[in-house]
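If you read the sequences in order, they're chains R and Y. Counting in this note's numbering, the first sequence runs from 1 upward without gaps. Counting in this note's numbering, the second sequence runs from 1 upward without gaps.
Honestly, the hints are just simulated from the structure, not real lab data. Small disclaimer: the values here were computed from a predicted structure and weren't measured. Among these hints, one or two may not hold up.
[Claimed, not checked] Computed cross-link-like contacts, DSSO-like style, restricted to lysine-lysine with a CA-CA straight-line distance of at most 30 Å:
1. R:K721 x R:K238
2. Y:K225 x R:K762
3. Y:K37 x R:K762
4. Y:K225 x R:K759
5. R:K759 x Y:K37
6. R:K262 x R:K390
7. Y:K225 x R:K474
8. Y:K66 x R:K379
[Unchecked claim] Listing some non-contacts, in silico: residues in chain R with all C-beta distances to chain Y over 12 Å:
9. G55
10. T87
11. N398
12. I403
13. T433
14. A510
15. K777
[To be verified] Just a few of them, taken from the derived set where beta-carbon distance is under 10 Å, the chain Y residues facing chain R:
16. V39
17. Q49
18. V109
19. E112
20. F115
21. I122
22. G132
23. T173
24. T290
Where is the CB? At the ideal position from N, CA and C, for every residue including glycine.
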Amino acid sequence: MNTSRLTLIIGCCLILMAAILPAQNATISGYVKDANSGETLIGANVYNQADPGQGTSTNAYGFYSLTLPAGDYTLVFSYLGYRDQQTSIHLQANQSVNINLNEGVSMEEVVVVAEQRDRNVTSTELGKIDLPIENIKLLPAVFGEVDILKTLQLLPGVMSSGEGSSGFYVRGGGADQNLILLDEAPVYNTGHLLGFFSVFNADAIKNTTLIKGDMPAQYGGRLSSVVDVQMKEGNNQKYAVDGGIGLIASRLTIQGPVVKEKSSFMVSARRTYALDLAQPLIRKSNFAGTNYYFYDLNTKLNYQFSQKDRLYLSGYFGRDVFAFNSNQSDFNLRMPYGNATATLRWNHLFNDRLFMNTSVIYNDYDFSFSGGQDLFQFKLFSGVRDWNTKLDFDYYPNYRHAIRFGINAIHHRFVPNVVQGSSGDVTFGSDFTDKYGVETAAYIQDEIKLGSKFNVQLGMRYSRFSQVGPYTSKLNGSEYGAWSPVTTYDGWEPRAALRWQLRPSASLKAAVTFTNQYIHLVSNSASTLPTDVWVPSTEVVKPQQGIQYALGVFKNWKDNSLETSVEVYFRDLANQIDYRDSYVNNLSNDVEDDFVFGVGRAYGAEFFLRKSKGDLNGWIGYTISRSERSFSAIEEGRWYPTTFDRTHDVSVVANYRLNDRWSFGGVVVYGTGRAYTPVNGVYLIGQDLVTEYGPRNSSRLEPYHRLDISATYVPAKSAQKRFQGSWTFSVYNVYNHRNPYFTYTNIDTNLATGEAQAKAYKVSIFPVIPSVTWNFKWK
Amino acid sequence: MARRSNKWIIWLIGLVVISGMGCEEEYIPDTIDSPTKLVVEGYVEAGDQPMPAYVILTRSRSFFQKLNPGDLEGSYVHNALVQVSYDGITATLPEICLNELDTTLREVVAREFGFDPDSLQINICVYVDLSGQVVGQFGKQYQLHVEAEGEVLEATTTIPELVPLDSFRFEPTPGTPIDSLAQLIATVSDPADETNYYRQFIRINDGIYDPGFASVSDDALFNGKSLDFRINSPEDTPDDDPEVFGLFHRGDTISIKWTNIDAEHFKFWNTFESSRNSGGPFSSYVRVSTNIQGGLGVWGGYAVAYYDAIVPEK
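Using the sequences plus the hints, can you model the full thing?
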């Protein structure tokens with residue numbers, strides 16, 4: 001080859017290299033934390049002051065990575081509720097910069113829902129809302145128990161399943177379609193006392209994120225939403241104790257450093273005590289041994305080995321125990337149920353741009369009911385147990401891309417409603433065996449900044465579910481050994497979201513999300529019960545599938561202190577499950593034998609207005625929507641509304657800070673009444689009149705509405721004292737509106753005299769309920 | 001039996017939680033203007049002293065506030081063609097109204113159909129196989145054909161083979177014994193090779209055969225086993241005093257009507273009894289099933305055995 005050609009080739013290669021390879025770039029990375037407690041800050045913004053488009057935000061562990069061309073910069077670190085911090089960086093080689101932010105001193109900064117002020121406009125995610133816990137605590141709560149799941153139900157697009165129940169429905173999807181994670185561990189039953197209270201003790205929680213519009217590819221397995229709850233890590237600088245005494249339950253949280261700045265722990269406990277206090281009385285009566293209590297215990301330990309490695313161990317243990325004894329008639333019953341979760345996570349930094357998290361998760365939900373009298377003993381139990389491993393990577397090649405990829409695998413064990421009993425020496429029971437499934441997924445997603453106006457988030461998730469043995473097939477009797485696949489389902493789940501920045505304070509967002517769901521909770525009642533059983537997809541039950549199309553306009557006003565948005569969505573749901581008509585739960589059948597399958601659809605518009613600055617702040621949310629189902633086996637496929645379809649749903653939430661001592665909160669909710677099946681008529685069987693029902697869910701209860709208020713009083717404290725108490729007074733359902741919880745009919749027939757009287761009743765449970773809670777902090 | 005414990009769970013949870021907080025209000029529910037339907041309640045029996053095959057034919061009514069005797073009486077449908085077929089034989093059942101019978105016969109017949117003749121104020125009409133053309137036999141299938149008021153109804157039922165009670169006995173009450181009362185414990189040996197459905201009725205002294213509030217059971221939980229189970233006296237329901245619920249008075253004469261029924265017949269009573277207990281927050285409504293094509297109700301076969309005893313003194 002002659003030299004001139006060689007020169008040409010080398011010259012071309014050099015030019016090509018210069019075009020493809022970026023100019024000399026370097027990466028700044030590190031962690032953003034709270035200066036006082038060392039808690040990492042999730043979603044904190046890091047950007048170039050000269051060009052805010054060159055920026056990124058911290059991930060779920062407080063880690064950020066920003067790759068820019070070499071040069072001098074002033075970087076701004078900000079997080080709502082904290083004072084911005086600016087740092088001058090001379091960027092030549094990769095460097096690690098950790099930042100501690102201080103909380104904003106002025107009370108004007110305290111807001112109802114803390115969100116980066118213009119984040120709702122600039123972020124790509126549609127329908128994602130963060131709820132830091134301090135702001136939830138200012139809202140009124142029933143019996144004084146602050147509850148994150150109840151607060152979520154005040155947001156547009158989220159409906160509750162009824163008075164006092166903690167089940168909820170997002171954008172027209174069933175209660176089982178929400179992925180509720182506590183430090184990455186799915187929580188299967190989120191309610192205490194049959195659902196009146198949730199299992200989340202607000203004192204142990206750092207942040208709650210609700211994702212309902214577009215689900216990033218790292219989440220999967222549920223169709224409607226993700227509720228990602230993160231526990232506090234614990235103050236790694238000094239000890240702190242806080243807690244409270246309330247009408248229903250009391251709480252205590254202790255946190256502190258194990259090794260200052262490197263390792264910390266948190267232990268938080270909550271327990272009811274009403275019936276425990278009455279035990280001395282109960283012991284003397286015929287009902288000795290009768291008691292009801294629930295408790296939650298959240299524990300967390302973390303250890304930072306080095307700048308590159310950090311280990312976290314979290315655990316949650318909660319239980320409801322109900323016991324009833326009548327000694328005179330030798331009758332006893334016991335109903336313990338609860339969740340246990342444990343998560344071990346290891347964060348590892350490969351380099352400044354590649355962050356990895358590995359988690360091993362165990363979670364368990366079990367329910368048991370046992371009772372008996374004299375010779376007869378009876379026990380019913382069910383549950384789910386998972387072993388889960390995840391590997392997640394965050395890769396930040398430059399400020400235009402944020403790439404996430406990972407894999408995960410879950411082994412599920414489902415214990416169906418197993419009945420065991422004995423009558424004297426003879427035992428009887430159902431011969432159901434446990435069912436097993438293996439759920440795996442792999443995903444990759446990139447959030448790309450295209451120019452200064454467009455952000456695109458493109459992701460793909462591949463998921464797979466196999467029902468595995470040991471199992472004997474119902475269809476053909478084949479036997480399967482442990483781990484051997486019986487049926488396998490899989491699917492590709494593309495996820496795409498786009499944000500078009502129309503103006504600095506206005507944007508248009510659109511998203512399309514495909515999701516698959518492999519495990520199901522089919523409930524026969526209007527509220528979710530601990531007896532409801534989670535079941536896997538099997539040779540009989542196919543996975544649920546959903547597609548959501550969402551579009552939203554976001555605009556901020558008055559220097560980002562007033563946020564508004566309008567979001568519309570349409571969802572197509574396939575392989576929905578319900579019980580067949582005339583279903584009666586005899587506990588002796590495998591529930592999946594009574595399932596029927598069909599389709600669903602949901603659509604609606606959500607309007608949201610939020611004021612986040614000033615002494616008066618809060619939000620107004622209004623949703624107009626429809627959620628309906630069609631099953632060929634139910635009324636020949638007629639489309640009927642679901643029980644959680646609410647045409648109109650309005651929530652108004654307000655907080656007002658009067659002065660340093662007093663602040664007030666108020667909540668107004670209004671919703672279209674629940675759909676129910678009306679009575680068509682009655683007919684005679686023997687001497688009884690039987691109720692005949694009309695088409696499913698073709699009538700409505702009256703609208704639901706109520707007002708709650710609260711007042712928080714913080715007594716003056718001297719600067720020296722480390723102890724601070726406060727009182728919260730709240731009134732639930734201030735004007736005592738009797739919202740129907742359920743309805744029933746009662747028919748009295750006296751055929752002999754030829755008279756009959758039919759009456760219908762509606763029962764409401766929560767009248768006006770005042771309560772007082774005393775909270776304290778010691779730091 | 002064991003299945004009834006499911007109802008215990010529901011009742012207990014419901015009572016404990018709701019009784020503390022409930023606030024109840026009567027209201028007028030939405031009703032729909034839809035056409036009424038014909039309702040069949042018919043049975044054919046085989047075994048001990050089988051009753052003649054009979055059918056009660058009524059029409060459903062829209063939901064009401066209060067019915068007077070005239071309304072109820074007006075529900076009975078007259079002059080219908082009611083035919084039962086089996087083994088190639090078809091029998092037509094004539095209509096008999098209680099008021100047409102002489103006093104003694106009226107008393108006997110009223111009791112047979114479960115009514116107290118002295119307080120019976122309305123005129124009940126039944127289509128009954130008086131001439132005994134329909135012979136009940138174990139294992140046979142019986143078809144029902146009804147033509148009334150321009151509508152046609154069809155139904156089929158089977159009288160299964162009889163699985164009798166092995167034995168029964170009276171035991172002292174559980175827990176602290178109450179001397180004047182006793183529990184009734186019965187034993188049945190369930191065949192393993194088939195699905196069996198049972199229903200029982202209890203008559204106390206001169207009363208009627210009363211199924212109580214949870215009278216049917218399938219054998220899913222004890223298939224192939226010989227099981228002791230408690231039969232509750234139909235006098236009380238679980239909301240009454242739980243200390244004496246389901247117990248019998250010593251000295252009373254009781255008669256157990258023990259029956260076997262087929263799957264559709266079981267499904268009817270299963271949903272019927274469940275619907276009486278439903279409507280709370282813990283279950284949605286229960287639609288009572290039917291095996292009548294073109295209408296509502298049940299056409300059911302019974303394989304019957306009677307067992308009599310006097311509840312012994314302590």
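Evaluated hints:
1. R:K721 x R:K238: Holds, because 15 Å separates the two Cα atoms, which is no more than 30 Å.
2. Y:K225 x R:K762: Roughly 44 Å between the alpha carbons, so the hint for K225 of chain Y and K762 of chain R is violated.
3. Y:K37 x R:K762: Within the cut-off at roughly 28 Å; holds.
4. Y:K225 x R:K759: violated (44 Å)
5. R:K759 x Y:K37: holds (21 Å)
6. R:K262 x R:K390: Satisfied, since the Cα-Cα distance of roughly 25 Å is no more than 30 Å.
7. Y:K225 x R:K474: holds (23 Å)
8. Y:K66 x R:K379: violated (43 Å)
9. G55: holds (50 Å)
10. T87: Since the minimum Cβ distance to chain Y is about 57 Å, T87 of chain R lies beyond 12 Å and the statement holds.
11. N398: holds (56 Å)
12. I403: With a cut-off of 12 Å, I403 of chain R remains clear of chain Y, as the shortest Cβ separation is near 47 Å.
13. T433: holds (15 Å)
14. A510: Non-interface label on A510 of chain R holds, nearest chain Y Cβ at 38 Å vs cutoff 12 Å.
15. K777: Given a closest Cβ separation of 33 Å, the condition holds.
16. V39: V39 of chain Y check passes; min Cβ-Cβ to chain R is 4 Å, inside 10 Å.
17. Q49: Result: violated, 20 Å to nearest chain R Cβ.
18. V109: Since chain R brings no Cβ nearer than about 15 Å to V109 of chain Y, farther than 10 Å, the hint is violated.
19. E112: violated (13 Å)
20. F115: holds (6 Å)
21. I122: holds (4 Å)
22. G132: violated (24 Å)
23. T173: holds (8 Å)
24. T290: Interface hint status for T290 of chain Y: holds (9 Å vs cutoff 10 Å).
Checked against the numbered hints given earlier, this structure breaks hints 2, 4, 8, 17, 18, 19, 22; the rest are met.
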